[in-house]
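Those protein sequence lines, which keep their order, are chains F and X.
Heads up: the first sequence begins at 1 in the working numbering, then just goes up one per residue.
Heads up: the second sequence begins at 1 in the working numbering, then just goes up one per residue.
Derived by calculation from the structure, the hints in this document are not laboratory data.
Here the structure is a predicted model, which means the values were calculated and not measured.
None of the hints are false.
Straight-line C-alpha distance at most 25 Å; calculated DSS-like pairs for lysine-lysine: (1) Lys2/F / Lys20/X; (2) Lys3/X / Lys165/F; (3) Lys20/X / Lys72/F; (4) Lys8/X / Lys20/X; (5) Lys8/X / Lys165/F; (6) Lys162/F / Lys129/F; (7) Lys147/F / Lys167/F; (8) Lys129/F / Lys20/X; (9) Lys8/X / Lys147/F; (10) Lys8/X / Lys129/F; (11) Lys24/X / Lys72/F; (12) Lys129/F / Lys5/X; (13) Lys20/X / Lys5/X; (14) Lys160/F / Lys129/F; (15) Lys24/X / Lys3/X; (16) Lys24/X / Lys2/F; (17) Lys3/X / Lys129/F; (18) Lys24/X / Lys5/X; (19) Lys147/F / Lys129/F; (20) Lys24/X / Lys129/F; (21) Lys20/X / Lys3/X.
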Amino acid sequence: MKATFEAINQMQADGVIGKYAIGGAVGATLYLEPAATLDVDIFVMLPATPGSLLLSLAPLYDYLKARGGTVKDEYIVVGGWPIQFLPPSNELEREAVAESVSTTVEGVTTWVTSAEHLVAIALSTGRAKDHIRILQFVEQDAVDRGKLQSILERHGLTPKWKQFKSKYLEGTHE
Amino acid sequence: MSKQKMRKRLAALSFSEKVKILEKLRDRSLALTASGLRRKPVRKEKEGS
Chain F
1 MKATFEAINQ MQADGVIGKY AIGGAVGATL YLEPAATLDV DIFVMLPATP GSLLLSLAPL
61 YDYLKARGGT VKDEYIVVGG WPIQFLPPSN ELEREAVAES VSTTVEGVTT WVTSAEHLVA
121 IALSTGRAKD HIRILQFVEQ DAVDRGKLQS ILERHGLTPK WKQFKSKYLE GTHE
Chain X
1 MSKQKMRKRL AALSFSEKVK ILEKLRDRSL ALTASGLRRK PVRKEKEGS
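Bound-form chain F, shown alone (with noise of 0.2 Å):
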């Protein structure tokens, strides 16, 4: 996987991406113990097109391909990993984006999405998978609650995030 961040990060030292952050189970690995999985997901900043409201991954696509990636699916395979690369949907990921937290993999900087907004982000997805997900950063206290609490207020996910502690952490000791 060093391979794999060494490319995206020479990716955004050539203007190709803007910020990015890491984040899906390679990002709650940060965090958590790690989880198997098949692919990383990357949160990305696109620059800007003159004289185009759309954004295109395009551009980023044929950068990795000239450099030995091959697409696979919605996927590119760049360092033997699949990547999926997102650009930011909404505000939650803009700001998961902005506030993603800087590590090093082998000697590589990388940037990963904060706990907090990995908690959002899988709040508001809401698959059965994301729910497992909280609940282990829940369980290994992996999260600071004030940022948490702040996050989903900011974000309108405050009922959401209510409506998931009555099912899954009433009458624990959460």
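Start from chain F and add chain X according to the hints.
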């Protein structure tokens, strides 16, 4: 060691160490799928993240 203690111990590893474990887990999943012991995941919705 209890399951809970093991999870905490794994969570406390550095990101580099955890990424190496992710790679091993992925290799194992791919090997199981290739051997026919596990079905290839169907991607009806976004998978694995």
